[in-house]
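Novice: Now for the letters of each chain:
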Amino acid sequence: MVRDEQLSSDGLATIDEAVRAEWPTGEAATVDDAIAFHEGLPPSKEFATVLESATEPLLQPRAGVARLDEQIELLTYLEETGEADLLPTTIDSYTRDNEYGKARTGLEKTRESDADALNGFPAVNHGVDGCRTLVESVDGPIEVRHGTPDARLLAAVTLAGGFQSFEGGPISYNIPYTKRGDLATTIEHWQYVDRLAGVYTERGVRINREPFGPLTGTLVPPSIAIAIMIVEGLLAATQGVRSLTLGYGQVGNVVQDVAALRALRALGEEYLPNEVCVTTVFHEWMGGFPPDEARANGVIGLGALTAAIARPDKVITKSPQEFQGVPTKEANAAGLRTTRQLLDMAMEQRLDIDGVESEQDLIERETRSLLEAVFEHGEGDVARGAVRAFETGALDVPFAPSESAKGACLPARDDDGRVRLFDFGDLAFDDEIKEIHAARLERRAETEDRSTSFHMVADDVDAISNGRLIGRPSESSRSGGVSDAD
Amino acid sequence: MVRDEQLSSDGLATIDEAVRAEWPTGEAATVDDAIAFHEGLPPSKEFATVLESATEPLLQPRAGVARLDEQIELLTYLEETGEADLLPTTIDSYTRDNEYGKARTGLEKTRESDADALNGFPAVNHGVDGCRTLVESVDGPIEVRHGTPDARLLAAVTLAGGFQSFEGGPISYNIPYTKRGDLATTIEHWQYVDRLAGVYTERGVRINREPFGPLTGTLVPPSIAIAIMIVEGLLAATQGVRSLTLGYGQVGNVVQDVAALRALRALGEEYLPNEVCVTTVFHEWMGGFPPDEARANGVIGLGALTAAIARPDKVITKSPQEFQGVPTKEANAAGLRTTRQLLDMAMEQRLDIDGVESEQDLIERETRSLLEAVFEHGEGDVARGAVRAFETGALDVPFAPSESAKGACLPARDDDGRVRLFDFGDLAFDDEIKEIHAARLERRAETEDRSTSFHMVADDVDAISNGRLIGRPSESSRSGGVSDAD
Amino acid sequence: MPTTVVLGVIGSDAHVVGVTILERALDAAGFEVVNLGVQTEQAEFVAAATDHDADAILVSSLYGHAEQDCTGFHDHLENAGVDAVTYIGGNLAVGQDDFAQTRATFESLGFDRVFDPETDPTEAINALRRDLNLTTEPDRLRVTS
Amino acid sequence: MPTTVVLGVIGSDAHVVGVTILERALDAAGFEVVNLGVQTEQAEFVAAATDHDADAILVSSLYGHAEQDCTGFHDHLENAGVDAVTYIGGNLAVGQDDFAQTRATFESLGFDRVFDPETDPTEAINALRRDLNLTTEPDRLRVTS
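Residue numbers (full-length UniProt numbering), protein chains in the order written: chain A, 1 to 486; chain B, 1 to 486; chain C, 1 to 145; chain D, 1 to 145.
Think of the hints as simulated: they come from the structure by calculation, not from any bench. Keep in mind that this is a model prediction, so the values were computed, not measured. You may find that some hints are simply not true.
Facing chain B, according to a computed beta carbon distance under 7 Å, are these residues of chain D, among others [to be verified]:
1. A14
2. V17
3. T20
4. V34
5. G37
6. V38
7. Q39
8. V82
9. R129
In this text, a Cβ means the ideal position worked out from N, Cα and C, and glycines have one as well.
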């Protein structure tokens, strides 16, 4: 059974050898060789340094294309025209599935035909040298963003390749992403990734790690996200990670979002060891977007305003083309600049909103309850506790496809648009917390003159893409399906 | 000397005859004939009815082109694709200058060449029938928006033509718009316009009147705008206007903007007679926009958020192409939908911000002080008082080009981005109010380590178009001019 | 005897929200529901339908590859002796094809009904009631106001 | 003896902000300022320059019609015996012309210096100091930090 203990150097070496043998580019991915490369980078490319010393929220987009030259061009554009503070490199789906052969084929096709046959940058195929060329070619710090449950080879190659920040974690890149990934195994895989980051850190290259806060991106109650962030943070800290960016995805209620970001920071600092520098990242709305760039800009604007009040260390921006998938570089840069303009104008003024403290209290209480359940389930061991808590449903994520999670809880918005739980499944909440949620949803039910039910959930899932925050009945009746049922 | 007294029916008839003789289309503009047309319109086109019965802020763009068929097409597009609740018809510059001959030439040129030789709809040239065709061709209520100091013939033609809302007023369409318009004369001209609206109202067709709140659109302190709105409202009420929409232009500080809109409504209801139905309109930022559609969307987003908190009865939207002048219809509709999305999402949640009450107190106190000065200057007569108060500078508008105003006061943002007065000129503020402004600006001066001076004003004027709210020294130094001085 | 419905997202598609909501809707409408979740292979549908003696199979697909994922599906069902109505719904084709075309394609594959992604669960439930000649009170089925 | 500057916005242009700020900047820099405001005709500039014995005339234009508004201006000044340096600044041409071209146009009309709309008042003031050989303390002129 998996335990929350630091990998021994022998253990690391054994895994390292096996992982790096999985694909030819693994061979060159050695820490010894990489340290000199990292040491040669200017401070302006040190991800942790730049992020941790920033005095205002830094903006970062998502972006990845197959070819190296085009990835350089894309990131340069986002730096220059989008005024991005931090850069991403989003990895393709084949690499996320560890299908490096398919990724190679896609890369070759893209090189031959100029049409992009991959939906991201196949960093393992580009190898250490390709990554280093990328890192050298852009001005800012750069992070690997992906969604890979088993990201060991990706981490070995990209960290050796000069990246100093690596997204993901064993829960956040498993439970929302895949059906069959065994959580215990995924935790072991990420212990390698985190230990590798720890080794770099101990040799003077502080690798920033960023668990993926938005999870399924669909009405996730803040306490669930924060509890998982802290579990992943604890696991990473055990392996020697010292720069941790905990994430949270916008739900669209400003009070709840501000409260959640403050709770995330406060609990992150409380639960994680002192030697870990905790920063926070806010993801602009990760759910369905309106199929209209103008309306999408409204959604982005509300995210920017929320960030201005909550002041996370970093904001991951969305583009007005979100509804149609991967945006053009122009749309991506536009999302950055719309966010920047509203963020800057709003941060220059005092904007204190009522009700944040009490919402934060509730979120913190719920989060502590979930974390206690994890510790109890693991008899003090957070790794075992996480696995068992997901098994029992004491920790759960709404709409999680994974068989490692119960997927029994269901969220719905309350009458003020805050995300509550309509069905708790087996979540480790005490009765008082449950009563608070039920009462809030009951108030909505009264407003809407219908009973609290999964219909609210269904309506809420589509609400923002239909132009509203809350899925009220009159709104949901707008969208009629086309079928042959009638 | 002008007096605040209702025009007699003989007086009205005399002016009416002269005004309608100014241009051939005037002849058909009779009230008797018009009443039947208005009575035939459905309630959905009754401007006052729709606006006054709305439960949420209604959105209205600005839009006007030369040709009737194209104006119909433009407004239909803004209704259907922009989801505009209220429609505009913006009048061309020649008509605003009473140059109907030049407007006719421009209209003919446009018809011949398809290139738009006018910057708006020449309603006087289109005449009563043209206006009626327009009113009949669109679904929603429709307003004349212009900027015409002497709008008598325009009002006669458009009200007879079926429009039920008419923007402007003797101060708001004089002081910010023209150098040489004598204020007393302009008040007399608007007494005719308001009396005409009053006659329609008395005959069962409630004409909505909307004084232009943003004035010069450049850092206007709220109390100045509100005082002028109330003066124009009182003048209009005397002539029989019963539906009044008082306006205010966004300054960009959310607390100040919300406080101003609340003060506008409260003081409007207090000062205006009970028989007048007072509504409010919020104009999205009227100053310089960033030369970038993405950043412009950020500015629009902050306006939408402000509207969601303040809940005016109406919002005049801006488009992302604002910086380059007249927007395409697509951009105009985009501005509407970006506003709608953010407004709706934000209105569905409680958003109470701190500090609004104390700011509103200050604004109300300043406004009362200005209004008292007007009444004193006029020995109880608000028309004479307005003329004299502008002569002495007791009432003044920053950056007013008019020779009827002193133009001696200068605004600047304080350290929180709220608009204060740096130079009071001769404004009727007591010492305590002046000390509050000075203290706020002094705090900014300390932050910026420079003395309070007109340099702040200069920097503030360009701040939002440069991506900031407040013109801090480090920001202003970004923009270096090209010249041959060095 | 309860009416049993097997549902799942076919192929390597991981869109979980729709199927989760559909599960709840069917459950609330009184059906016995076997939700196979996302990333479900044809064989898993067939096995579940056999094991639970399913009256209906509801297939969901949102990632645009439904046609290839469903080819041969009805042969396998027939070979296993499954006698159930089959529905499919979601984003069934990549791009801007018109729905009539898409419906024809999937009907020719053997599906009894084809739904677009905007379909409310109520519509599928009403169709099931009709196709299975169920007699439950109509207001038991009211799922949207 | 104070140095006198006449300024105004020429033609039917009503852009008031720039000229208001320039007035304050010149005043703060110790100049005697005669601000004619917006919508000022050539004749008004000439009359003011004569009446106040102006050392410099600063013309502003932001609406794109400066060339036609300024044609013949320097002949009128000469005929009236005005001996003043003349500057012009603003959006001097409609559209995307390059500034070198615009500068050449207005220099050929007789202006001593031509400024674009991004020009800080400081630049104009420094130029005046040089062109008029003024000796005021340099730090009297510092208008931006």
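Novice: Give a verdict on every hint.
Specialist: Checked hints:
1. A14: 5 Å, holds
2. V17: 5 Å, holds
3. T20: 6 Å, holds
4. V34: 15 Å, violated
5. G37: 6 Å, holds
6. V38: 4 Å, holds
7. Q39: This interface hint holds because 4 Å falls under the 7 Å limit.
8. V82: 22 Å, violated
9. R129: 10 Å, violated
Of the numbered hints given earlier, the model fails hints 4, 8, 9; all others are met.
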